[in-house]
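Chains as they are written, first to last, in this note's numbering: chain X, 1 to 588; chain B, 1 to 135; chain H, 1 to 488.
Hints were generated in silico from the structure; no laboratory data involved. Quick caveat: nothing in here was measured; it's all calculated off a predicted structure. Beta carbons: idealized from backbone N, C-alpha and C, even for Gly. Among these hints, one or two may not hold up.
Here are some, though not all, of the chain H residues that point toward chain B, as calculated from beta-carbon distances under 10 angstroms [stated by the list, open to error]: (1) Gln7; (2) Leu12; (3) Gly16; (4) Pro20; (5) Glu21; (6) Asn22; (7) Tyr32; (8) Ile99; (9) Phe156; (10) Ala207; (11) Ile469.
Listed below are the residues making up each chain.
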Amino acid sequence: MDIVKLTIDNTPVVVEKGTTVLEAAKTVGVEIPTLCYMKLDDMEFENKPGGCRVCVVEIEGRRNLAPSCKTECEEGMVVNTHSVRVVNARRTVTELILSDHPFECLVCSKSGKCDLQTLAQDLGIREIHYQGEKSTYKSDKSPAIIREMDKCIMCRRCETACNDVQTVGTLSAIYRGFKSVVAPAFEMDLDHTNCTFCGQCVAVCPTGALIERDHTWKVMEAIINPEKTVIVQTAPAVRAALGEEFGMEPGTLVTGKMVTALRKIGFDYVFDTDFAADLTILEEGTELLGRLSRFLSGNKDVKLPILTSCCPAWVNFFEHHFPEMKDIPSTAKSPQQMFGAIAKTYFADKLQIKRENLVVVSVMPCLAKKYEASRDEFKVNGDPDVNISITTRELAQMIKNANLKFTELPDDDFDRPLGESTGAGVIFGTTGGVIEAAVRTAYELHTGKELDRLDFEELRGLEGIRSATIDFDGLPINIGIAHGLGNARKLLEDIKAGKSQFHAIEIMACPGGCIGGGGQPYHHGDVNVLKKRQKAIYEEDAGKTIRKSHENPYIKKLYEEFLGEPCGAKSHELLHTKYFDKKKKIEI
Amino acid sequence: MAKVKSLDDLKKIKEEFLSKEELQKNGDKSLGIVQIKVAMATCGIASGAKKTMDYLINELDNRAIDAVVTQTGCMGYCYAEPTIEVTLPGKEPVVFGYVDEKRAGDIIEKYIQGGELVGDVIPVNYETIEEHNIE
Amino acid sequence: MAKDKKQIRIALRNCGFINPENIDEYIARDGYQALGKALEMTPEEVIDEIKKSGLRGRGGGGFPTGLKWELTRKVEAEQKYVVCNADEGDPGAFMDRSILEGDPHTVLEAMAINGYCTGASKGLIYIRAEYPLAIERLKIAIGQAREYGLLGDKIFGKDFSFDIELRYGAGAFVCGEETALIHSMEGLRGEPTVKPPFPSESGYKGAPTNVNNVETYANIPVILLKGSGWFASIGTEKSKGTKVFALAGKVNNVGLIEVPMGTTLREVIFDIGGGIKSGKKFKAVQTGGPSGGCLTEKHLDIPIDYDNLIASGSMMGSGGMIVMDEDDCMVSVAKFYLDFTVEESCGKCAPCRLGNKRLYEILDTITQGKGTEDDLFKLRNLGNVIKDTSLCGLGQTSPNPVLSTMENFYDEYLAHVKDHKCPAGQCKALMSYIINPDACVGCTLCARVCPVDAISGEKKMPHVIDQSICIKCGACFEKCKFGAIFIE
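All chains should be modelled from the sequences, with the hints used to inform the complete structure.
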């Protein structure tokens, strides 16, 4: 390993060659302010265009100030991070950025969580000396994401997320100079582009330029409407992150407090998407085994590998980018939509109310779920199976609005029947979880034997693409896992080229899976937050008495009372869907 | 066209061209051939060099003057565009500026046919690489 | 050098002499001999010759050309590229266009020599689509060179293959910056990235890439034919050879000139340029385009070279040279250049995207007569911060027109903000048309031509202009037959 010795603020520093000045400074406790810079180790996300120039430092012998995020340490370098020249430049540049930013902090959804606001406060900026024209752009309101580009500071993080990480390519910088902004081609609305609504742009946006479409008010309207019965489902990843919004350590499980809070807010029934996750496993697992056995018996028309379909951004991705492969993913609906379909039939019948009077709310770590809920194929006579989908962040806001002291709330349990779940349902919240849950069930259904272990460590982790072979009692099943759409693309290209050796592949659009979803509390570039959430998810699974979906007693009951058998006629009607070719053909 | 395989091949092309040029300049005809170059870079064309060139070709033809009119690049005299360089047989080249059709007519009549300079001539105010020697 | 001849034509040696569409004419003037000669030498020997000549990049930066070639040569890679930067974008500059239109083969020949030296088999010319004639002539030239085998496989029968393709730019000024240029050629947004890595390590498609400007290339064949000693005998200690300038503005002889490094501004403006138009007084000369600065009377006798121009607060740039006279308002000149930079900033880094916009706005306020002394402080601080923090050369130099005019014409700025006067009489908002009552005969003509009825008065009595209504169109001033209206 090559070593470089340098001096930062009069302190000698020794670092590995290739280390940036910014990273080197951290090792000796010198924090250099940054703005556009964001790096998520293990998530293949690195944004350092060197554009904001907030992190500039003085390096002896250089004519100009250097961006510390992009400047590699060199032997004998003498760096000054807080000289008068540097501080003046940093303040002036920050003032310039603020001079082109709307002063709407009082009503901005990002207030208090805004990196620009934090920077301005840290630098103690009380006056903007360089005022002038502000850039304005039309706002763009899609069903999931709202773009208020007046607040864009051209950090390009969203562009990195959309292009480098997700390889979706919806967002890129357009126009020049003062007018430049990150937008879809021709400044189209997101709705008309190939956007998957994965929300990773929102997850990394430092300001309020990219935010989710807020539906909390719609939820409140439903709750106060006496004619409506309002039920809520909460996705597995929500409970591992919600606490962060209330100052709790990342990775704190708040399942019980969340249930209490939801009751107090006024939901009539508090259910769990994990229940629907168990249901998904039975449908998807059965579909996998069906395809597999037909394949093994020599049927050449069978498409393998089977791909999971519970992630709505992933569904959007292949509909837009790989429509020719739309018959490969499982036809099983996502847990959110399975829940909605069962709630509006099975559960509405139990309550003896009309489906129109049952309002299904979902709390999701996700923005694409908002779009998914609005899809036409998930409506019956115009009534959606899931009426309103809100994010973890929106739920936190509702809890705050209800004046609940969240950290002090007692624990409570989900309602029955749609609140009972297994450990398998819980791990849907992280990359690798869906396929692990599927393995637990598919193995036992296929072999008729009981698993002697439930923790498949070989399927866990955060590497972008993982693979493992699971022995199904003599039948080796090759499993692939990808999170982040860029990684998904690689596996898809392999399948397209006929090179894929996998039988089943799990794909999650967001890096880390749902724990890193676009609707989760902001991680502000701290990848440890995601790691702690993942740990919490596996902890919850380990603590469950039942950890295999097919052993969920309420799932069994659902099949006995209502559905019949997995992948049966009723299931096909309610729990399976079809996909569309949405490839955009733009003519210029 | 034969490929150039060596410096000698290159020299042959050079010599062939120069001897052809020499023949044009001091040919066996009593007058030789008048050579005219019209500065036809974007700047010249924008100032009307194309018109001037067309005029020269037609007018020389009308008057049955044996001349070769070719295009060349920018001579650098933006202030005096369009510019042309006229080389009478056996004489040094002369550069004329502001050559619109009228002045082109004057140049043909007075300089090419009469040998008398018309209006301001642009003096050569630079050295060529051949002329410049280490002092 | 002969005393009456201030210019030497090296880069422009064939412009205006040969028919650019006939390769034989180029060959007749020793064209492609340098390439043939180079191929008889080792690449190291050729690079050494270029290094010894002292040639520096003519695009403005002034980086030693031989060293640049050597850097690209030293990087090991299967594929390397040689690029010609023909994205000339300075307002009023057309040196490169003239060379490409007048002598396209010299660039092709030099690129091939560069390819031989650096180990590249492929050359790309990045040229603005707004140069259709240059493109046309380049296409013809490339075709002819291929026919003669001067481009293609086994050039001169040697084990060296090289070919050239054109790439078109859409005229963004920033694409003249080499990393932005490369991104544009790759089909990406034309914006620069932080160097290092330099293109010599990682350029076009990640391969080692040598980027030189048109005029730099045009010097190469001459260096090899006449020798590095001959070339290095021209110029100053650290700047060798000649420089082509597009001389424009208020001089009598505007045009394309090529002078030895070390020529003074006085020689250029007064001897070659023929002095200031209409006998007016010289005020300033702007070199280096939007990246350069305005120099004054006191700089007239400084020998022009890379280092002297930078020391004087301007720069060589690509060779635009605009002369100004007493009628030019220096605040307005600075504003003109900032207007250009604001349009041409790529928008990637905050100081350039926003800082230049604010500089422009402050200058505009000053020319509107609404500036304060505090604005002058802001201009200076902001200008220095933009220089100090911008990502690429565009932003790092864009405040130069402001800073240099403030340095050299501070009184003029003060007059704008303190006395609310424009000494050059250019800033309309700061002008007043006034009728001298002693000279006015009351003919009423001025009142009749005034488009906003700002002039009143009885017949045969002195008239008055209501300053609150006057739009300073100057119609009255032009019509008055008695010289009774003056500007204050």
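Verification of the supplied hints:
Taken as an interface hint, H:Gln7 checks out: its beta carbon lies about 3 angstroms from the nearest beta carbon of chain B, inside 10 angstroms. About 7 angstroms separates the beta-carbon of H:Leu12 from the nearest beta-carbon of chain B, less than 10 angstroms, and the hint is met. For the restraint placing H:Gly16 at the interface with chain B, the shortest Cβ-Cβ distance is roughly 3 angstroms, inside the 10 angstroms limit, so the hint holds. Given hint, H:Pro20 at the interface with chain B, holds; its Cβ is 5 angstroms from that chain's nearest Cβ, closer than 10 angstroms.
Evaluation of the H:Glu21 hint against chain B yields a held restraint, the C-beta minimum of about 7 angstroms falling below 10 angstroms. Because the closest C-beta pair between H:Asn22 and chain B is about 8 angstroms apart, less than 10 angstroms, the hint holds. Given hint, H:Tyr32 at the interface with chain B, holds; its Cβ is 6 angstroms from that chain's nearest Cβ, closer than 10 angstroms. Among the interface hints, the one on H:Ile99 holds; its C-beta lies about 8 angstroms from the nearest C-beta in chain B, closer than the 10 angstroms criterion.
At its closest, the beta carbon of H:Phe156 sits 6 angstroms from a beta carbon of chain B; the interface hint therefore holds under the 10 angstroms criterion. Taking 10 angstroms as the C-beta contact cut-off toward chain B, the hint placing H:Ala207 at the interface is violated, the least distance being around 29 angstroms. Nearest Cβ of chain B to the Cβ of H:Ile469: about 42 angstroms, over the 10 angstroms cut. The hint is violated.
When each numbered hint is compared with the structure, violations occur for hints 10, 11.
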